[in-house]
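Colleague: Okay, here's what each chain looks like letter by letter:
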Amino acid sequence: MFKQLPDDNAELVTVIIEEQSVKVPSDYSVAAAVLANWTGPSRTTPVSGAPRGPYCMMGACFDCLMEIDGVPNQQACMIPVAEGMSIRRQDGARGVEI
Amino acid sequence: MSEPVDLAIIGAGPAGLAAAATAVELGLKTVVLDEQTEPGGQIYRAIESVTAKRSDHLDILGSDYAAGLELAQGFRASGAHYLPQRTVWQIDEERNVFASGPNGVEVIAAKRVLVAVGAMERPVPVPGWELPGVMTCGAVQNMLKGSSLVPEGRVMVVGLGPLLLLIAQQLARAGADVAAVLETAPLGNYAAAMTRLPQALMAPGYIAKGRAILAELRDRGVALRRGVADVRLTGDDRVREIEYRWRGRSRREPVDMALLHQGVVPNANLGMSLRIDHTWDAMQRCFTPNVDDWGNTSTEGILAAGDCSGIGGALVAEWRGRLAALDVARQLESIGAEERDNRAQPVRRDRDRHMLVRPFLDTLYKPRHDSLAPPDADTMVCRCEEVRAGEIRQLTTEQNCPGPNQMKTFVRCGMGPCQGRLCGLTVVELMAECRGVDVSEIGYYRIRPPVKPVTVGELATLEEIDAG
Amino acid sequence: MVACDAIVVGGGIVGGSIAFGLARAGLKVVVFDEGDDAVRASRANFGLVAVQMKGAGNPDYHRWTRQSADLWADFAAELEEHSGIDVGFGRQGCAWACLSEDERILKVQQLEQIRAEAGTLGFDYQLLDKAEMADLVPGIGPKVVSGAYTAYDGHCSPLYLLRSLHRATLGLGGRYISNASVDRIEAAPNSFTVNAGGETATAPKLVLGAGLGNTALAPQLGLDVPLRPQRGQLLVTERVRPKMAFHMGRIRQTAEGGFMLGTSNEDAGFDVGTSTGALSAVAQRAVDTLPYLARLRIVRAWAGLRIMSPDDYPIYDQSPRYPGAFAVACHSGVTLAAAHVLNVARHIVAGRIPADLACFSSRRFNVQAAA
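Chains as they are written, first to last, in my numbering: chain U, 7 to 104; chain V, 30 to 497; chain C, 44 to 414.
The hints are simulated quantities; they were obtained by calculation from the structure and are not laboratory data. Take the hints with a grain of salt, since some may be wrong.
Stated by the list, open to error - Cross-link-like lysine-lysine pairs, in silico, DSS-like; alpha carbons within 27 Å at most:
#1 U:29 x V:82
#2 V:140 x U:9
#3 C:186 x C:173
#4 C:173 x C:150
#5 C:186 x C:71
#6 C:150 x C:186
What the hints assert, rightly or not - Now the in silico label distances, taken between C-beta atoms and shown as ranges:
#7 V:312 x U:44: 32 to 42 Å
#8 U:101 x C:355: 48 to 58 Å
#9 U:104 x V:113: 54 to 64 Å
#10 U:18 x V:329: 47 to 57 Å
#11 U:26 x V:133: 30 to 40 Å
#12 C:355 x V:113: 45 to 55 Å
#13 U:75 x V:375: 44 to 54 Å
#14 C:216 x U:104: 46 to 56 Å
#15 U:18 x V:270: 49 to 59 Å
#16 C:241 x V:243: 22 to 32 Å
#17 C:186 x V:365: 36 to 46 Å
#18 V:113 x C:124: 50 to 60 Å
#19 V:96 x C:241: 52 to 62 Å
We treat Cβ as the ideally placed atom computed from N, Cα and C, and that holds for glycine.
Please construct the entire structure, taking both the sequences and the accompanying hints into account.
Modeller: Laid out in structure tokens, this is it:
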């Protein structure tokens, strides 16, 4: 959905988005990484299962919730990527392990 | 809990950064908490990184953005204690600031707190605004600043306000395919704004910059369609088409992304959670905290500066931040009233001069009523709980629902994680319209902390923090 | 001027229940309610149909609570017929967790006392040791020393209940006038006039169901309804996939999936603000009970004011001076909603409060004062 402007100085990290390894600049947010490697909605809503993606990119709308490193309902636009990070779609309401 | 700091500043945008530098200069022990990884706020987001690592992108972002570096540098040099990546979720009556961040929950006691959390984009409830691929103009600008990312495919920029034109210009410079700018300001706004133009011309720069952007869009072949109405977005797992009415005809075009904007409003939740008195601004269609000339609010020890205290733009925010810091220094007896006033005089003059443009901008970019209170019953109002406009209208007219708080409990609007940030203004506009009264008679959600998510576990640990 | 059969002052769950009860009995009802910023217990409610912790030392109150809980399923079904809204009532019981030996002893005493006082009504409960609690409630924490289960208890969405009561009353021809704070009532025997919110209504019956607002209005009707506010603070988490059908007294999962965590008991006057200390204690108890809750994010915290009489029990009265004027006040508007709709409203229609509810007259407080 987004493309990168040329940036020769970018330091890259590898993150895993839904099992796919991708390299992204280290100063991306998780939401930026997902929007630059779009494969489909980043979450479905707990109310109706409707598809959603990041909307405000400043932490206000909570539409970019994703499962990041196993923790559900994280605001992807507020969290910087990190080497080896696992990023998954948030499907509906979260579960919780007992 | 440790010794209170003199001043805790929430937000590292122009107001917070300027306030911090001024406060430290006047001898105040100052701490700045901010959600981002580097200073700048939304307007100067990633200014240090862009300047250091990809300065060629400054040509895209423009000189107003580049100017933010000086502010960030001044802040860094001041020695203010800077806590990035901190989400403030509560400020209590004793002015303890509760924040979550990389070190878990931190509690910072402060003699004074400056709320400098800026603006947010007004909700844009058009049919389909919840589809993936529909984002705000500010969101896409943040992507450009923070990550050098530009939208792919056919992009429509829709709405009104200075940022609408600016983002179109920046995206065009960055090589995006901006199919058109669809401006939704009623055409009557132009005539109404003309009477405010002479005054606006006394504010330095603004009108000339606007004209330059318009000229550049024209040169770059970006179509600007004025007087657009009835915008509707459709798609499946992402937006595919946009429908709108222009020059009396309905049109339908394919899009890959739609970028929406209807101006900015104060980011009010934190201030409201502090029970600061707010007033409905009938022109800007938002609630604004009541502040005195220094930014003091109705809540003891709490000040507000920058766009969260009323929309004024980045430069005005900076000056309001300085003024707030000056009065805090006076309150804490670092300086006397005379020194405060002497230092404030040039700052106030700049601030007042730049505010002269606001009546023009507010008149020109006053949203259409149907942008604020969507006429279509199926339009999503509360994105979190998926409450649509028809339900709000129905409960207001058929069930005499007395106000937004009762509405919240009846249909759950505002009960999701965004805590009403994306539906509150729409709900009160709809209720006001249905009842035929002013929004000031409707009121707003009662906002309580935590204003950002905190885990049950984090809250539970506070007993220990309190005891320690 | 609207002439009607009954005026109800108060549009919360108690006033709304009485109004619906009167409307379903065929009365033409007008409800006067305050504005959006009113102190409103109904909007802060935890949503329990609570039996286990009700009425030790007051068998009348326990019996009354049980009766309402027994009526709840029928009431919920009828309400849904009228309003089209499912209030999410379920009667899966209550599994109370004791977090210390002291709590365990108190719990056992409380349950034993209720049973001893219940007489022929009976009172079944199960005391559970730590292992039994762990079987019943997956994920229970190491600090839980024991528990108690009763099957009488249930829960519902108090918010949908309020909305549904309003909807149902309107559907039966009732009128609901909001932003209409009542401060004066013109009273004569079997004749009452209220003017508020730009509307005037007159009726042979009037019911005070205005929560804490009853105290100030009651003297105009020759009634005495002494009440005080008691603050409770609550939390709700983000939505979670279904985990728990029954409630735990201070923890319940809503139909939407959020966990509601309650609640403090504070004397804070009319302040509906929240406080860190109380909310932190609520969170701590929740985490001690079910440690997995620690990982859930809180989406909202709020406070409400319970409506407490001097002995905490309900007040039902008819004015001796102005027959036709009634007062209904309690802090258990959800639990007692079924009894209010199906029972109390019927008595109001008939014009007398029967002997088995005479124990809830506020005259009991005067007797105590005289003694």
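Colleague: None of the hints should be skipped; say for each whether it holds.
Modeller: Hint by hint, here is what the structure shows:
For the hint pairing residue 29 (chain U) with residue 82 (chain V), the CA-to-CA distance comes to about 18 Å; that is within 27 Å, so the pair holds. Pair hint residue 140 (chain V) plus residue 9 (chain U) does not hold up; C-alpha atoms about 46 Å apart against a cutoff of 27 Å. For the hint linking residue 186 (chain C) to residue 173 (chain C), the alpha-carbon distance of about 9 Å falls within 27 Å, and the restraint holds. Pair hint residue 173 (chain C) plus residue 150 (chain C) holds up; C-alpha atoms about 14 Å apart against a cutoff of 27 Å.
For the proposed pair residue 186 (chain C) and residue 71 (chain C), the alpha carbon gap of about 54 Å is over 27 Å, so the pair is violated. Among the hinted pairs, residue 150 (chain C) with residue 186 (chain C) is consistent with the structure: their alpha-carbon atoms are about 16 Å apart, no more than 27 Å. For residue 312 (chain V) and residue 44 (chain U), the hinted distance range of 32 to 42 Å is satisfied, since their beta carbons lie about 39 Å from each other. Range check, residue 101 (chain U) to residue 355 (chain C): Cβ separation about 39 Å, and the 48 to 58 Å hint is violated.
Restraint check, residue 104 (chain U) to residue 113 (chain V): a C-beta distance of roughly 35 Å breaks the suggested window 54 to 64 Å. Checked against the given bound of 47 to 57 Å, the beta carbons of residue 18 (chain U) and residue 329 (chain V), roughly 50 Å apart, stay inside it. Checked against the hint of 30 to 40 Å, the C-beta distance between residue 26 (chain U) and residue 133 (chain V) comes to roughly 32 Å, which is consistent with it. Distance hint check: the CB atoms of residue 355 (chain C) and residue 113 (chain V) are about 50 Å apart, consistent with the given range 45 to 55 Å.
Between residue 75 (chain U) and residue 375 (chain V) the CB atoms are about 50 Å apart, so this pair conforms to the stated range of 44 to 54 Å. Hint check: residue 216 (chain C) to residue 104 (chain U), Cβ distance near 50 Å, so the stated range 46 to 56 Å holds. Distance hint for residue 18 (chain U) and residue 270 (chain V): a CB-CB separation of about 36 Å, inconsistent with the stated range 49 to 59 Å. Look at residue 241 (chain C) against residue 243 (chain V): about 50 Å separates their beta carbons, and that is not inside 22 to 32 Å.
Between residue 186 (chain C) and residue 365 (chain V) the C-beta distance comes to about 56 Å, which lies outside the given range of 36 to 46 Å. Taking 50 to 60 Å as the suggested C-beta distance range, the pair residue 113 (chain V) and residue 124 (chain C) conforms, at roughly 57 Å. At about 55 Å, the beta-carbon gap between residue 96 (chain V) and residue 241 (chain C) stays in the expected band of 52 to 62 Å.
Going through the hint list in order, the structure does not satisfy hints 2, 5, 8, 9, 15, 16 and 17.
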